[in-house]
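Those protein sequence lines, which keep their order, are chains R and D.
For the first sequence, this note's numbering assigns the number 1 to the initial residue and increments by one for each residue that follows.
For the second sequence, this note's numbering assigns the number 1 to the initial residue and increments by one for each residue that follows.
Simulated from the structure, these hints should not be mistaken for lab results.
The reader is advised that the hints may include incorrect statements.
As the list claims (entries may be wrong) - What the simulated footprint calls covered on chain D by chain R, stretch by stretch (three residues with Cβ under 8 Å from a Cβ of chain R suffice, anywhere in the stretch; the number is not a length):
1. 196-204
2. 341-351
3. 711-722
To be verified - Here are a few chain R residues that face chain D, going by a calculated C-beta distance under 10 Å:
4. F32
5. G33
6. Y40
7. F41
8. V70
9. T128
10. T131
11. L163
12. V178
13. T184
14. Q220
15. V228
16. C231
17. A243
18. H246
Glycine is no exception: its CB is placed at the ideal position from the N, C-alpha and C atoms.
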Amino acid sequence: MTTYQFFTTAWTWNSIVLSLVILSCVAYWLAFGRRGRSLYFAGGIVVFLLALVSPLSALANGYVFSAHMVQHILLVLIVPALLLLSLPRSLTLGSRFTYLTHPVIGWAAGVGAMWLWHAPALCNAAATSGTVSAIQTTSLLLMGSLFWWQVLAPREEQRLSPLAGIVYLFTACTACSVLGIILTFAPVSICPVYQHPVDRLGMLSTIRNGWGLTSDRDQQIGGLLMWVPMCAIYAAAILAQMARWHSPQPERSSA
Amino acid sequence: MTMFRDAVLDPAKRAHYRLAWISTVDHKRIGVLYMLTGLFFLVVGGIEALVIRLQLAVPNNHLVAPDRFNQLFTLHGTTMIFLVAMPLLFGFVNYVLPLQIGARDMAFPRLNAFGYWCQPFGGILLHFSILAGGAPAVGWFSYAPLSETPYSSSPGVDYWAIALFVLGLGTISFAVNTIATVISLRGPGMTMRRLPLFTWMNFVNSFLILIALPVLNAGLAMILIDRRLNGHFFLPFRGGSAVLWQHIFWAFGHPEVYIVVLPAFGMISEMIPVFSRKPIFGYEFVAASTVAIVVLSSLVWGHHMFTVGMGRALDLFFIITSMLIAIPTGVKVLNWSATLVGGRIRFGVPMLFCIAFLIQFTLAGLTGVSHASAALDWQTKNSYYLVAHFHFVFVGAIVFAMLGALPYWFPKMSGRMMSESLGRWTFWLWVIGFNMTFIIQHVLGLNGMPRRIFTYPDIPGWGWMNMVSTIGVFFMGAGSLVLIWNIARSYFYGKVAGDNPWDAWTLEWATSSPPPHENFLAVPPIHSRRPLWDIANPDRPDPVVGDDQVLLPDHNKAGILAFLFSEVGFFGTLILAYLYFYAHPQAGPGPKGLDVQRTLVFSVCLFASSFTFWRSEVALHNQRRGSMLGWLSLTIALGAVFLGGQANEYWKLFQSGVDLSTNLFSTTFFTLTGFHGVHVLIGLITLLIFLWLAWEGDSVSAKFDAAFKCVGYYWHFVDVVWVFVLFTVYILPLLR
């Protein structure tokens, strides 16, 4: 299969994913209507589809480790952040959830989402089994939401103070960088499935020879993606905290 | 002044005065000591530079032998970074930062003195190597395997590593102190959002120090273990990795550039507004871009290693991050320039140096961005183009900022102004000399002249360009002599300065010059970023920034947490090094041979000791002395059992013929568990001291409570580190 053929045909129109998307759109509209910030919501849905329906998903399913990493980053950092931002500013959680919104839980969820799913056994399972993959996707979205809640919760008083937020984000960035560094420099495969993929789509020779993506280089790029762009996302969030800290009109008053 | 002369004349007073300086814990005196040490080594490093340039002035020169030349540039680089730039900058910070926030002193005055005394001690250690069989001749980065025993058998590298370790400890204690001071000792109304930029940048910079320096310290420990105990970390023929040393060194080395440039940025951010008679343009952007620099600076070290052959994927990412970091730096340059626009500029000597800084630093940034491109870097890496680039950063930016900051803050330190006319002489001699020496080196580099060569053949053009470069050094040397004369003369005969000679707006100008021992008789009210402007212009004060409420956490807690933060980097580096080698199969003893069950039992003891310590704290809180002593004794016993277990494991390994030099596994194993063991041992000794104090009945004071809490943080931290070590060393092989 050539690259062109691949990008035109390898869209996985998974009925569960599509019905979930439609359901959540309806639910969002019913729950928040005009109060919601639907542009963020639409962005979240688009990125979600990009991660699970586009050829990226086909590559991530057992072919290319770095594609898996892109999918991972989108699901854990981008989609939850956009969804949290789409909530109306007046929203409050029931008191049942307070223990979930402790910063330690959020931090552990955000960092755990990175480390846990890159244990070789789990990483392999998620890349080969549809069920495990679905569990993975769900858990990434949930853990990402818990992580971002600390800085992107709808109400100002639910968020960490800006300086605490910087510490929170910076330490998370460091913890993920360490994993990225390990993946980048590891001489053995962390996720062996990607070393010898089952060639379901007849794409392997294009990937290995056409794109020049050997399994070593693939893992290296995967590690670098976790290390550098991931940290860039955290760095952007840190700058947003600085901006929030220095904003002349604290949002506290408007909340 | 007259006081000083009396002191010089009267022997009794003189003795007291000398002792007062040696035993001082006053931040102002320590700041001055830092600066004098830096100036002394500036002369040393400058003479080294002069000899280097004299040797290179003409082709085929034989003024110094090749090996001596290697020693010279190694000492020159190490001296200028660790013994000139850092102490000079830290001296300014030490003197000015507590004054700027309205504090009486640094948070830990004795730690401050310790940090200072590490500097001359480290400097003497480094230079003592000359007498002890030869200075290091391996470059300031000490690349392995050249720096390993088979290739550098003289003890020079050992002295180099130990000296840097000592200096690193001093630097870390300085950073811990700065963080605790800014967090806990701010005056009334001085909220974090109102900090002067010099203070803010040095506060943020201290975190960068805590991130970067421990990585170097871990690397130094490894290279010393290689050299003294026959370890294998960086020796390729024994399975080690020379590239790992480069990664470790530059993971420290690149942030180090920002560690020395951020304080310089802070100085510029203070001087430009004062001499333009305008507030800084975009305070928030200057402050936030500093944070961005700190975060990004630990992601760019690979651009020092493009020529190593890391592979295209790594090159590509490091190219992108290296270009990214130019953005926050460029934001700063734009802000400083915009501050100048429309200001009533006074061209005093500090301002002249600020303007020179802006121009030279922008040029340094441009050649820096060119190096971020790996393709260009491959061509110019080992040439004088690179030498020119980093001297533009170190001299054109950092030294010029300090040369400006000296006349700016000298009146505060001495009570007298420095001479403007002599200052102009220094300025022009330095600017002309600096540009003569280093602009031409760009051309030399692009013409193919490699760096680190002791001489060169008579290639057309090279001779005269090198001669121009050498002549420039004499201008800088003359400028330095004028500067030293200016300092000495102004100290005795300068115009009396008064409290605020520059009409500046930050707090250090609100007290007398020099400030009294306790700094302030009364701290003026603070509602904005320019408190003295508000006092001078009550009719049009600056807008109030935020609310006045100041939160001041306990400085002991801030200090110990900052210190433990640095320990994370140290152990993190050791664990990563362990994992790096663990992945390669080794001949000989391996992790499978370790007795996991036994270790688990002893680990439980260690973990339990965290619990017993907590109980002891609770007992102390409830003032039940007997219970507190009991739990504390149990904690010590459990810790001792753990250490005993470790010692027993070591003993068994030694019995079976396994020691640190056996293979790569044993090197990494003993290093990682050994350093953890040392930490447990230090914790035990501290706990014993506390047990003794409590036994003596000293446990009732609030001071004891605070200190006991700090030991607790340390003890729990050591236990948490063991969780990671236990998992990495003992559990991971079981999962394979």
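Evaluated hints:
Counting residues of the segment 196-204 of chain D whose beta carbon lies closer than 8 Å to any beta carbon of chain R gives 0, which falls below the threshold of three, so the coverage claim is violated. Interface restraint, the segment 341-351 of chain D with chain R: violated (0 residues with C-beta to C-beta distance below 8 Å; minimum three). With a threshold of 8 Å between beta carbons, the proposed coverage of the segment 711-722 of chain D by chain R is violated, since 0 of its residues qualify and at least three are required. Residue-level restraint check for F32(R) is violated (minimum Cβ-Cβ distance to chain D is 32 Å; threshold 10 Å).
Here the hint on G33(R) is broken, as its CB sits about 36 Å from the closest CB of chain D, past 10 Å. Interface restraint check: Y40(R) against chain D, minimum CB-CB distance 23 Å, threshold 10 Å, status violated. Checking F41(R) against chain D by beta carbon gives a least distance of about 29 Å; that is not within 10 Å, so the hint is violated. Evaluation of the V70(R) hint against chain D yields a violated restraint, the C-beta minimum of about 14 Å exceeding 10 Å.
Because the beta carbon of T128(R) sits about 19 Å from the nearest beta carbon in chain D, more than 10 Å, this interface hint is broken. The interface hint given for T131(R) is broken, as the beta carbon of that residue sits about 23 Å from the closest beta carbon of chain D, more than 10 Å. With a least beta-carbon distance of about 7 Å to chain D, the hint placing L163(R) at the interface is held under the 10 Å criterion. The criterion of a C-beta within 10 Å of any C-beta in chain D is met by V178(R), whose closest approach is roughly 7 Å, and the hint holds.
The restraint placing T184(R) at the interface with chain D holds, with a minimum CB-CB distance near 7 Å, inside the 10 Å limit. Interface hint at Q220(R): satisfied, since its Cβ lies 5 Å from the closest Cβ of chain D, which is below the 10 Å cut-off. Interface restraint check for V228(R): the shortest CB-CB distance to chain D comes to about 5 Å, inside 10 Å, so the restraint holds. Among the interface hints, the one on C231(R) holds; its C-beta lies about 6 Å from the nearest C-beta in chain D, closer than the 10 Å criterion.
Taken as an interface hint, A243(R) checks out: its beta carbon lies about 7 Å from the nearest beta carbon of chain D, inside 10 Å. Evaluation of the H246(R) hint against chain D yields a held restraint, the C-beta minimum of about 4 Å falling below 10 Å.
Checked against the numbered hints above, the structure breaks hints 1, 2, 3, 4, 5, 6, 7, 8, 9 and 10 and satisfies the rest.
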